[in-house]
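Work out the full structure, taking the sequences as your base and the hints as a guide.
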Amino acid sequence: MNRAASKPSRRSVLAALGSAAVVAGSGCLRRARNLTGWESSQPISLRIKTLPTDADPYALALARRVAAWFRKAGIDVDVLPMAEQELLRECLLRTEFDMFVMRLPERFRDPDALRTLLHSRFADAPGWQNPFGYANLEVDEALDRQRTTDGQDRWEALASIQRTIARTQPFTLLTVPDDVRAARTDAHPNWQEVELRSPLGYLRLERPQDAEEPSTLRVVGTDRRGTTNLNPLSVEFRRSGVLTGLLYDPLTREIDGETTPWLASSVSLSAESPPTAQVELREDVDWHDGEPVTAADVAFTYDLLADTSLSDDDSSVGVPSPQFRSRSTLVADAEAVEERRVEFTFEDADPSVAARALTVPILPEHVWRERTDDAAIGGISLGGVTEALVTNNIPPVGSGPFEFVRNSPRERLVLRRTEDHFSTREGTGLPDWVGRAAIDELSISVVGSGVTAVETVVDGDADVTGTAVGAETVPRIGRATGTELLVERSDRPYVLGYNTREPHLDNPRVRNTLARLVDEPFLGDDVLDGYAHAAVGPLHETDWYPNDLMWRDENPVVPFFGEEGTLDVSAAREAFREAGYQYEDGTLVGGGP
Amino acid sequence: MSLLDVLTHVVAVVAVLHIVGLFAVRRYSGAPLWRGSLRRNVRSVGPTAATLGALLVANGAVRDVGVELSWIIGVNVTGAIHAIEGGFVADLQSFATPELTAYFSFVYVFGYVFLLTFPVVVYAVHEEPRPLLATLVAYALNYGVGFLCYVAFVAYGPRNFMPGAVESLLFTNWPEVQFLTSRVNENTNVFPSLHTSLSVTVALLAARYRAVAPGWLPIAGIGAASIAVATMYLGIHWLTDVLFGALLAAGSVAVGVRVAEEKYGGPERQGRSVGVAGGVFEQFRR
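First to last, the protein sequences are chains G and V.
Heads up: the first sequence runs through residues 59 to 651, numbered per my numbering.
Heads up: the second sequence runs through residues 2 to 287, numbered per my numbering.
Among the clues, some could well be false.
As the list claims (entries may be wrong) - From the structure, some residues in chain V lie toward chain G, with a derived Cβ separation under 10 angstroms:
no., residue
1, S3
2, Y29
3, N77
4, G80
5, S95
6, T98
7, P176
8, E177
9, F180
10, T182
Note that these hints are calculated values from the structure, not bench results.
Positions of the beta carbon are idealized from the N, C-alpha and C atoms, including for glycine.
The following block contains the structure:
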């Protein structure tokens, strides 16, 4: 807990009395010693860390609404806003939090990604690796099992994980928002058909009929981190991965639901146990600095992700990259066998799962080789973290369809179309639109808040808002001429994450009861103006989601105590009493006898 | 509308206010404003003006550094401030009307710039350099202490902390102005309110040196009060920020006046009563 307990502990009082008791005689001392074993009950106080409204349109309003319900139930809760970079640092790197409200990254729509999110083995790992410190042996076992099975067996393993998670609540899924954006109608004709939350969406934009060349897409957003850091391995600076996804190429990309060779020209997976893959790279692909992309770069990337210090010492795990950990842990070995051929040996996993490992960005060895030392400030090594994880990586040297031009920190970032990128060549086997290249330059500018971003688009000074803006801007977008509203179903739910290493929050029954203080549909209607839908788990609306977790009027596992956002206080208190807690003057107390 | 447009707009409006103000003060006081020597005044406050200038430039240059440093060593007091004063700002906003919003937005942006620059002009052409020196010293102290507070404390304003309850009235009604405000400040730098402290500084100095430009005191007083309310009404600052801002102003003025009067001697006793504000100042002089 963050704040000091309001009562002095019985132990400290007794310690003071103890010295006086010496005078009073040994009988009293014995009695004092008997009393020291008993701790008094303490009021439960918790803090929710989240983003300010300028950085995220809904996070703080959600946190405050949740805190209001918790307070009704007698829990002392406060909400603390902080910059996104700082929030990620405190919650994901240092695990200094009780609860946080954030959006889960999109990658947790893939079932195997839940392995690093929830497996107890990753409870101490930094980044989006089990930040909750959740530990459940059955879930651990099922998470391992889903990796090595397919079909019905895998489905059942995943269903059992999701059911247990829904009951034990390492995090409470608050709501799944729709991303709202404003766009200039005349800038591109097909806004409504592209997904701007993925890098491919930007490649898919079409050029308007009367466009003069070259065409620049002017994006305006509220997230300034991309203007100061473009390191794909950085935990605190990455949100959606759109920018790094445009700058770097993976071996394969998922395009319209199909795994499609991207930097690779072909991938052949073998179904041995453990599975292996032969990956052939495309011909004549260069890094943005002119060096050729080789199989050695690919092998190096996987070595680096597994241990960014590239230490030869086999007995230590080294410093694995927190980003891409779930995918990099699928790879046992990646070896460059020829100039353009890489041989992968995977860990024991089903081939369909193992293939995910090929979607990480490939990094140039000649740039990253020298970033494997311990990070240092003014010559003093900090230990435990390598330069690769903390470098700003500006300018970035990738091989992707866009390359870095310039940045002005906190204000602007300019990328331009890479000349002769392989995706624009003939016979790549990629969909036609990939090579059409409607955008020659991408300019991303930063403003203070979502409203200002929308206004910039309305005034014609930008073509689209890059970060999602709040629903309160919808009328403003609707009123403006030449501007259209883009509403996109998002894959990044808002969650209330619990630090299960903390007292009280370590108790699954407490978390289960806390989850029942939250009315998800009310949050969607009240805070997000209906641009949201409720769901129980992160895999909702995928093939891996069991029917009994479908949302029906209320949460089927942890239904809200009350109706329409109004908490039934007596029901909530009864549930906490059943969990072994008490109320003193309406305040929830715990930890007593 | 870009940053340049907003900036041009502000400069134009403030220039007009200056011209109107100078005429008004002259008419009201009945004496020519140009009683002193601009050159002599500027020369005598030169070092102080240079210090203030350097402070402003440094403030702009190290603002980013200050924010980074603030996240490392600063204390996040947003929750604590809210715990102290609760929903005061939300209650204040319950009186919001479009006219009030327009008025307070105007004073927050244009009125503030005018209030800060006008006394510098008036005092610069005054017959002796004392008021100008006191003003510049007080400004420098405000900025200096403000900057230190911004490093020591991380705090978001009510508009960032209580969405729904508090609306960001300035930026929703006039989004372009954020191009300007986001250049000169960070959304984590709200404690204390420099808008309040600098305008209250101007008002207190106007009271102290009201003989210089007699009509200026009521304008400065109303202006400072309006700006202090505006910072809260617009959802930008907490009541706590405003109170600490006023305290900082009092301290800065006390020091500024003392420095000026130690250098140039106390003001000649004026025949009439000192007044309430003047009485407060008698205490500050000790």
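Quiz item: What hint numbers does the structure not satisfy?
Solution: 2, 5, 6
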